[in-house]
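A.B. asks: Below are the chains, spelled out letter by letter.
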Amino acid sequence: MLHRIVTLVLKELQTLLQDPQSRTILILPVILQLALFPFAATLEVTNNTLAVFNEDNGNESLELIKRFAQAQAFSELHMLYDETEVRDAIDNQQALLVIRFPADFSRQLAAGRGANIQALLDGRRSNSGQIAFGYLQEIIENYSEERDNPANRATPSRLVFRHWFNPNLDYVRHIVPSLVAIITTISTLIVTSLSVAREHEQGTFDQLLVSPLTPNMIMVGKTLPAMLVAISQATIILLAGIFIYHIPFVGSFWLLYASMVFYILALAGFGLLISSICLTQQQSFLGVFSFVMPTILLSGFVAPIENMPVWLQYLDWFNPLTHFIVIVKGVFLKNIGLPLLLHNLWPLMAIAAVTLGAANWLFNRQLD
Amino acid sequence: MVCLESVQKHFKGSAKPALTGFSADIFPGAITGLVGPDGAGKTTLIRLMAGLLTPSAGSIRIQGLDPIADASTLRGMIGYMPQKFGLYEDLTVLENLQLHADLRGLLGEQRSHTFNRLLEFTDLARFTSRFAGKLSGGMKQKLGLACALLGQPRLLLLDEPGVGVDPISRRELWKMVNALADQGIAVIWSTAYLDEAELCQQVLLMNEGQLLFYGRPAELTSRLQDRAFQIRNISGNRRKVLALALCRPDVMDGVIQGHNVRLLLRPHVALPDPREFNAGANAELVPVAPRFEDAFIEALGGGPGGYSELAHRLQPIIDDNDTVVEAVGLTKLFGDFAATDHVNFAVKRGEIFGLLGPNGAGKSTTFRMLCGLLKPTSGNAHVLGIDLKSSASLARQQLGYMAQKFSLYGNLTVKQNLMFFSGIYGLKGRQQQAMVDSMTEVFNFQALLARKTDTLPLGFKQRLALACAVMHGPAILFLDEPTSGVDPVTRREFWTHINGMVEKGVTVIVTTHFMDEAEYCDRIALVFRGQIIAAGTPDQLKAQVATTANPDPTMEDAFITLVQSQPNPDLSNPAPAHKATS
Amino acid sequence: MNRTISLRRLRALCHKETLQIIRDPSSNIIAFVLPVLLLFIFGYGINLDSTAVRIGVVLEDTSPEARHFADNLYGSPYLDVTTQLTRSAMEEAMIAEQVRGFIVIPVDFSTKLKRAAGPATPLLVVTDGSAPNTASFVQNYLRGAWHEGLLQRADEQGKAAAPNITLEPRFWFNASAESRNYLIPGSITIIITVIGTLLTSLVVAREWERGTMEALLASPVTRTELLLSKLLPYYVLGIISLFLCVAVAVFILDIPFRGSLLVLWGIGSLFLASCLGMGLLLSTSLRNQFNAAQAALNAAFLPALMLSGFIYEIRSMPTAVQAFTYLVPARYFVTAMQTIFQAGNVWPVLLNSSLFLLMSSVFFIGMTALKTRRGLE
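Chains as they are written, first to last, in numbering that gives the first Met the number 0: chain W, 0 to 367; chain E, 0 to 581; chain A, 0 to 376.
Just so you know, the hints here were simulated from the structure itself, not pulled from any lab data.
A hint or two may mislead.
Here are the simulated BS3-like pairs of lysine-lysine, each with C-alpha atoms no more than 27 Å apart in a straight line [what the hints assert, rightly or not]:
1) Lys404(E) with Lys83(E)
2) Lys11(E) with Lys370(A)
3) Lys404(E) with Lys451(E)
4) Lys451(E) with Lys503(E)
5) Lys83(E) with Lys370(A)
6) Lys414(E) with Lys347(E)
Now the in silico label distances, taken between C-beta atoms and shown as ranges [stated by the list, open to error]:
7) Met358(A) with Thr83(W): 40 to 48 Å
8) Thr536(E) with Met0(W): 40 to 48 Å
9) Cys246(E) with Val5(W): 37 to 45 Å
10) Thr454(E) with Leu6(A): 53 to 61 Å
Predicted model, so just to flag it, every value in this text is computed and none were measured.
Positions of the beta carbon are idealized from the N, C-alpha and C atoms, including for glycine.
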């Protein structure tokens, strides 16, 4: 029994690792994503272009413009001189943001009154615009505080910001832990679902069915290799995160790997389900793709779950990746304790039980 | 028509050339057979003539034109049917024809005229709106031929049109092509069926890229006059007789023909006494006419001998004369179509039981139910008294299975496949290693152990599949067309092993399209439209169709006559070729 | 080799391809079901606007002043506020991701507030940095709410507001700054990239695998005809799914569309040509459906998602990565789609995009033509 399963697992690993083309398919995405995502997947705003239309010529506006130009967010500053230029700058995406000082700006301030500055944002890039807007607001606030005569103080409090787990709001710390979860997802599904479909197509599945192997052994024989591959890939990313991207790992490796096992079981259940419905590789490729896309897009990796409509948030409970990303980030960055972990782990266990059970039922019925 | 002048072809990355210095002429109005074992270079030669490959050296001239340089002129003159027929399975018969007609510029009245003629010729007129993928193998083959004929070619290239096709369809195709040759078309027909080759006006006999013989088949066969004999009235075990005979130095080749054994003697040897083969007191040696197959075997240096090292190494199974496989009212419905319809038979231990029948007759469905791969709609299939659908894995430990299509792990090496299949059947440790070594020796895998299975020649793939099916010493062996597409020498080797294993007590259930192989069976069930229409020993079946005009029919005659004697209830709705894997 | 095109042969091949598309369920799923499904996922699932950021207020000081301050936060439409009396309880809530950040109102808040002068009271804001985008929103919204509160308080006390400088945001094209208004046009790009490359990546490989290519090559078909017959039917299919996506975006997801359909069709065609070309190139070079589809996904989907500027700001990427984005056709189509949807026909942007798309389609189709050989070697 044990020996037969070992034989199955060994065969699966040989199939996956021996052929250069399939080896590439396993390794290349890991390297690509590891190299690309942490750099590219950022919503930070840096090195952007700011345009200024200054109708005022006072010292205040010049001082502020000087400070804007020093901001991290902007590496280029364009001066604009009329309305058409303002329109073009936004229309043609020459600038992310146009700041417009009204003609009476300095005069108003000098007169001790408040003054308004207009910020024109490109609605096609409203997220970046808002973030850049936040930076500018901070600069203006600091400036007004400095200008302020303490005697005249009406701002008795100020805000001090602390970003926990990620002091500089560095996107890498969000991306790399999420990647651990995402890569595990893709490889588990590919190894389980596509390899079963390939056996169907090549007729080797019949060979397994006429052998003394039971459907349960075949399932274990497909799940274990997926687990080995996925865990190794996850480890590569984890190590890269710690040693290359210097993200402090604060939690327990044991908890992380234990949860990973349950997560992979849940996914292997989905993969085996897809494979027992699809007969050809092309079909299961489509099946996997149609499953992976929503899984990743709705996992909270790209956009926060709380921004989704409520009904979708409920639906997302069935998405194993949602729970696993919380776990990975929690263990990696926040050292969450066992109670909190279990809160996210039991849905994974439930999903695993349901999908594996269903897959087992379908596998056993496959002789019809 | 075609002049080949010292044509050579080397493929990048392979040590041996695929073709070496080939010279031959091919004439119009005749069928030229291209015969040779696997890897002889038949397909390469055909592709060179079709202008799909460029020769490395030498020249090919088709009516004085070069297939590459003058492609645009020649493509209109050449009809080419590739091995897989080149049909679009998701297009209907008519749409396939229309596509090829448009591509070849066959328009207007001429087009409808040609369509009518070809549809009538191929007898496909009733099926024009059927998807090509839903046609049976024989019909696909005819459609492929019709598509190749659309441009009214002067040269017709057919690459192994007979593989996996039943004798009836093969015979029909042969007639059609013969009619074309009579119209003056030059036909090149590559085949592994040597009875077909025998009927060709000329043959090119190839081996490993070399031309061994070029001329009329009769010329080759006539060299073997007085060397072919049949041992008749055998009273002992005919399989043992054959094995003994094949081990003798004066016997070059031998096969079983029903109750008789046919031998080809080496040149210039004295006639052996049949009693030396334990054939019994009444056995007699009767001279028979040599066949092209004899010549083929001789050209390749003789058959593989009668001793099966494989069988020798297997543990004998005690012959208790029990019924080991039994089908009772076995029925499988796909929708309202009965692929297998109340089939009954029983196979005793140590028998070779053959399932024969045309494509789509329900052989595969029956076969798959016996192995437990399909659940019967009603009725039962018992193996060793156990119902396989309730899937006792203990019973499956007793089975060996070799699928119709090659189905080992193509991207694993030979050794890995051997280790895998012995492993899942529970062999381990030293015992497993010993068995893998043993198979390596028996089948000469030593040099191939690290090769990926996909890259093996077909003959070795089949050998490996057999090895994987028998390593665990099964009591029952299921072989689904084990020798499809394999050359005669390798087929002989297979049957030596099968015979040897049967002598050890193994029960074999086999399907085949080769009628000469059916002769090896102890009993045959002829399946047609899901039912068994005839059953018995090969000689009984042949006797059923013997007439005064044909007192000594071949197995193929018996097959065709029996199938065609069936009433033809509804021709417009013959058995759809359902996918066996679905 | 005959290089001319015969319209009859081309028509026959296109007809064949069309029949195959109609009869192949997977083509239909890729072309019609997948895009709509994906669009809904993008439309509902990908929203960067934290409309109600969950934040917490730790009221260590429960004086009326402190409560008054907290009231400002409750009033904000952007915040969904939870109150706790101790920091530790709030910290736990943040680790469990029940709140994305919190503000602490310290014990001495009211006493310090009553002092007329002296240094300003620091108010600590803690955010969950593991979700950086949300953390920035917490920061911005809290700052806004706090500012609002100050002005109000000054007003109530009858004090003239300090000479404050206010930065007033105004969004062009997308007045309410809804991220879906640009994310959905962008996501149509991703969808078209995926289906365009996926569709064609399968077709040539399929002909090789099924042995039909050999029969075609032995017929008088020319290379150009073969190539065009693989492009034209899938182009029609791709354009249909592009307009299907646009229709879903406009009529179901209520995304404003300000440009012209004709311009969309023109630029869409150029983009499709380059996607289809890329798929064909992969299919022609790999000749294996499985690998071609995998490669298509890696070569098309990932760059389109990551490097097109659809979500992630290209200008913020390292220079090397930025340089690479110039090679990604999706980058130009994302810009074009966002512009056509939100800004209308802004010619400088659209012409620039078209030029790059034209170059990339010429590149991919040209490479495919080079790779398409007559013959089996």
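A.B. asks: Against the structure shown, which of the earlier numbered hints fail to hold, in ascending order?
C.D. replies: 4, 6, 7, 10
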